[in-house]
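Participant: Letter by letter, the chains look like this.
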Amino acid sequence: MELIAALTVGVLVAIGVWLLLDRNLVRVVLGVVVLGNAINLAVLTAGRLGGQAAAFVPGGVVPEAAANPLPQALVLTAIVIGFALFVFALAVLKRTREEHDSTETDRITRVAEAPAPDLPADGKEGA
Amino acid sequence: MLNAVLGIALAMLLAPALSRVLDDRAGFLLAAAPLAAFVWFVLQVPVVAGGGELIEALAWVPALEVTLAFRLDGLSLLFALLVSGIGTLIVLYAGAYLSDHHHLGRFYAYLLGFMAAMLGLVLADDFIAMFVFWELTSVASFLLIAFLHEKSDSRRAALQALLITGGGGLALLAGLILLGVVSDSWQFSALQAAAVEGHVLYPAIVVLILIGCFTKSAQLPFHLWLPNAMAAPTPVSAYLHSATMVKAGVYLMARLNPVFGGPEGWGTVLVVVGAATALVGAVLAIRQTDLKRILAYTTVTVLGQLTMLIGTNTTYGLQAFVIYLLAHSLYKGALFMAVGAVDHATGTRELGRLGGLIRFMPLTGAAVALAAFSNAGLPPFFGFIAKEFKYTGLIELGPLGWLSTGVMIATNALLLTAAGLVFIRTFLGRKGRYPRVPHEVSAPMWAGPMVLALGGFALGAFNNLPEVWLVNAAVQAVARGPVEVNLYLWGGITPALVASALTVSLGALAYVFRYQVRLRLARLRVFWRISGDLIWDRMLKRLFVFAGTLAGNFQHGSLRLHMSLLALVATAVAVLAVIAMPGSLLAAADTYAPLSPAGLAGCALAVCGAAGAAVMRGRLALVAALGLSGLGLALFFLAANAPDVAVTQLMVETLTVVFLALVLRRMPPMRVVGSRAPLVRRYHAVVAGLFGVAATLLVLAAVSQPLPGGIASWFMHNSLPGGHGANVVNVILVDFRALDTLGEILVVGLAGLAAATLLGEGRGPAMSRQQGRAGFDSVFLRQGMRPLATLLTLVSLVLLWRGHNLLGGGFIGGLVAATGLVLLALGFGVPLVRRLLRVSPAWLVGAGLACALGAGLLGLLAGEAFLTGLWAAPAGLPLGTPLLFDVGVFLTVLGAVLHMLFRLLESEED
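One line per chain: the protein sequences are C and E, in this order. Just so you know, we're using my numbering here: the first sequence kicks off at 1 and counts up by one. Just so you know, we're using my numbering here: the second sequence kicks off at 128 and counts up by one.
Calculated directly from the structure, the hints in this document are not laboratory data. There may be inaccurate statements among the hints.
To be verified - Beta-carbon label-pair distances, calculated as ranges: (1) Gln52/C - Gly837/E: 32 to 38 Å; (2) Glu64/C - Ala974/E: 28 to 34 Å; (3) Glu104/C - Leu695/E: 19 to 25 Å; (4) Glu104/C - Leu1004/E: 32 to 38 Å; (5) Val874/E - Ala65/C: 55 to 61 Å; (6) Ala804/E - Ala65/C: 48 to 54 Å; (7) Val696/E - Glu64/C: 29 to 35 Å; (8) Leu921/E - Glu104/C: 43 to 49 Å; (9) Glu104/C - Val188/E: 50 to 56 Å; (10) Leu1004/E - Ala65/C: 29 to 35 Å; (11) Ala65/C - Ala704/E: 45 to 51 Å.
This one's a predicted model, so the numbers in the text were calculated from it and none came from an experiment. C-beta: ideal position from N, C-alpha, C; glycine also.
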């Protein structure tokens, strides 16, 4: 199972990075989500997948071959944080579209990047 | 000693408030702090003069063995008296000089801050403590030079001073650390010459420390910041840039002289650099027409001479060093303050417009006369003794001494000429063309120079007083072995006296023929073209251009280029890490978990969904594909026996779809997938593919190794006994690793608040009266939504409650509750849900974080570590702080999601 999971992680990561490299910010945001999913899967897989029972100890009885609880706890919070990050990215996307009327990364950079206010643009002055 | 530094630092803190209340009279009150310190140091004179030392130590960073150790010996005492004594006069003087400045309080604060740092510097026994004070004086100097920050000259001079002294400070730090490591002692008092001499690192230590000292004390070629620093108000020039701070470098050289003074190198370097500095300073001083700049360049000369005198390491040389240090601080402080008074009274410092001022300012004139005589080295002033001893000390040195005596005679003659310029040219002769009608300045302004100038006279005339009480102990601290100290005015006809006579006649000649001298000097155009300032400006400009080019290559502003480079580098690192790992990438087949149909289906769904999102263009299709991918992942988690994670993923995926759909609705449809240029597309595909391969390899590598440690089983076994919960994942989240969770919900809350601001303008519930949304007007949908939302909310509370033992918990509960309320908000409008909630979602975030923090503090109150779980079971119902913590998680997650959604929906209604 771990082999399949590792392959899945690889494919998801590749798709995520491919999306991140896109011109369109909408797809960049999607890339963030896909990449996040892939990493969550990777973390859970690294803690092994062979658990036969969920990580519960009813009455203090530790079940045989229970799933590893630590990566589960890590992934659980990572999912929620990833969601917060995703909404933040969405918010940036929405605001960018409103401010610059475009969702293309390089075009926005050209429009939005003003020279730093404390340095002259031509670099003539020393101090 | 600690109290002296702290007292002055306290005065610094009080200064702004005091001067707001008392205006310029605050100075009289503030001067009490340095005065008290001065009196205390005076009272210590008998102890130190008797060969004693005072030591105070305070553990500062015990883990690194850094102590705030203070030691008062002869050298420290001399400096401490100068710092606190002149400091008192300067504080009084500044009140009158800057009485009409609107930032006088700030000025006092900087000045007193500097004073505290400078006192700390000369008293500190610990290397690191000394260095910290050293840097503090640099910072204070920066602030004081830039005090008149409206002028670009001031800003430039301040930056230059900071860059030069700060750069030297870095070298000094390196030198001190090397010294500490080599000698295995971090205190000046514990340094042994034998431990350092002959060590391989000895030259490196000397060079690094000397760079620090030379930059601070304006030695060639670092001298250029000092004349520029005259852009500061005159009290600063008088105090920092002639009497105290610039002598910090000299102080450190003197302090280390007993350790480094042995082998030839140290002395020769000091004599040569000092002589060169003295000569350059003196020649440049004569060329100036601004009184303050004349004094600044003579200060450079004097610093050079002091460096030279340390380098001689002869009996007379070291005596001359101590005497001259004292004499110079007194007369130069006086001269600077007097020049400030002249500037204040007449409105100019240009020699050409001054003259005959003695008629208008007799008291200031008298002070200048006394100081100038001492400066010129005429008997019976203290400066004369210093000059005699200088010559004797240098002549003792042999061949190098003869050469440096020549330099000394020339520079002293020029100093005498400068003294003439300052006194005769300014105060005697014809009346000048002043911009303002001059008047005698107020008492605090003439008293300072007068006290210092009289001090210079008294010390010279009654020279056995300073010999017994001050000079002796200071000389012993500087010298390598015991030195016999004996001051005198008249020593018979000696070579020194001859040199002295030569100096005076040369100086007088140079003054009389000053115009010719200046003319001659002006003809040497080649030299004046080599302007240190010009070189400095060019170097700084080159540096900026270089930095700009360098940064421009990496900060090109193309997000995609950044990302692809980052991905490539990460790929390379990952592949290298995998290659470096021992063992095979594939473990034996039986160590892997068996394939499960649900897991396979999950993987397939996740990949298909993501691939769909990558190639499709329709917005709705994108949303659906992404949702599918997330669902697949949830299925996989379920198959891996991680039900909590699966449910979380499910809820998050639902909310993701809602948010994505809401935002994408307003986006234009996408026309092209990927880049337009096929080459770029191919490049991106390769980068993404490689990164994917690297990720797979990393996971395989991780799985091929045996799972280390028994941490999982520890959690399983201690969950119920230690954490009172059967749901191990939840117990880890709210108890074992609660601090992590606290940080995580903080991130969630902050991201929610930040995203909400970006999503739409905030709006109070009262302003939004619109009922319902047009898109959800179906009666069936609305009727079905209401019970569903209620159900979800109730379920969320159950999940929260039982989460500690069964599936659920704060995260899941919060997400489920949020989903329910999101449904309501979509169906019936935000105002209804806002009314239902009664409080703002942002408030929920705050309350949640407060709950979680409070749960942690309860543990602290009970005397345990932060976030320790406390349990009680009233009526058989187990209650504990982790449950309160979980409520905090619930509220934070719920609040953050709702806050973002409400803002988004409200911004759409416009």
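Participant: Within 29 to 35 Å: is that where the Cβ-Cβ distance between Leu1004/E and Ala65/C falls?
Facilitator: With Cβ atoms ~33 Å apart, the hint holds.
Participant: For the range 50 to 56 Å, tell me whether the beta carbons of Glu104/C and Val188/E fit it or not.
Facilitator: The hint (50 to 56 Å, Cβ to Cβ) holds, given that Glu104/C and Val188/E are roughly 52 Å apart.
Participant: For the range 48 to 54 Å, tell me whether the beta carbons of Ala804/E and Ala65/C fit it or not.
Facilitator: At 53 Å between Cβs, range holds.
Participant: Confirm or reject the claim that Gln52/C and Gly837/E have a C-beta distance inside 32 to 38 Å.
Facilitator: 18 Å, violated
Participant: The hint says 45 to 51 Å between Ala65/C and Ala704/E; measuring C-beta to C-beta, is that right?
Facilitator: 30 Å, violated
Participant: Given the range 43 to 49 Å, decide if the beta-carbon distance of Leu921/E to Glu104/C lies inside it.
Facilitator: Holds: the Cβ-Cβ distance is about 46 Å, inside 43 to 49 Å.
Participant: Do the Cβ positions of Glu64/C and Ala974/E conform to the proposed distance bound of 28 to 34 Å?
Facilitator: 42 Å, violated
Participant: Can the suggested window of 32 to 38 Å be confirmed for the beta-carbon pair Glu104/C and Leu1004/E?
Facilitator: Cβ of Glu104/C to Cβ of Leu1004/E: about 59 Å, so the range 32 to 38 Å is violated.
Participant: At the C-beta level, are Val874/E and Ala65/C separated by a distance inside 55 to 61 Å?
Facilitator: 34 Å, violated
Participant: Could you tell me whether the CB distance from Glu104/C to Leu695/E stays inside 19 to 25 Å?
Facilitator: Between Glu104/C and Leu695/E, where Cβ atoms are some 23 Å apart, the hint holds.
Participant: At the C-beta level, are Val696/E and Glu64/C separated by a distance inside 29 to 35 Å?
Facilitator: Given a distance of about 44 Å, which is not inside 29 to 35 Å, the answer is violated.
Hints 1, 2, 4, 5, 7 and 11 from the list above are not met by this structure, while the remaining hints are.
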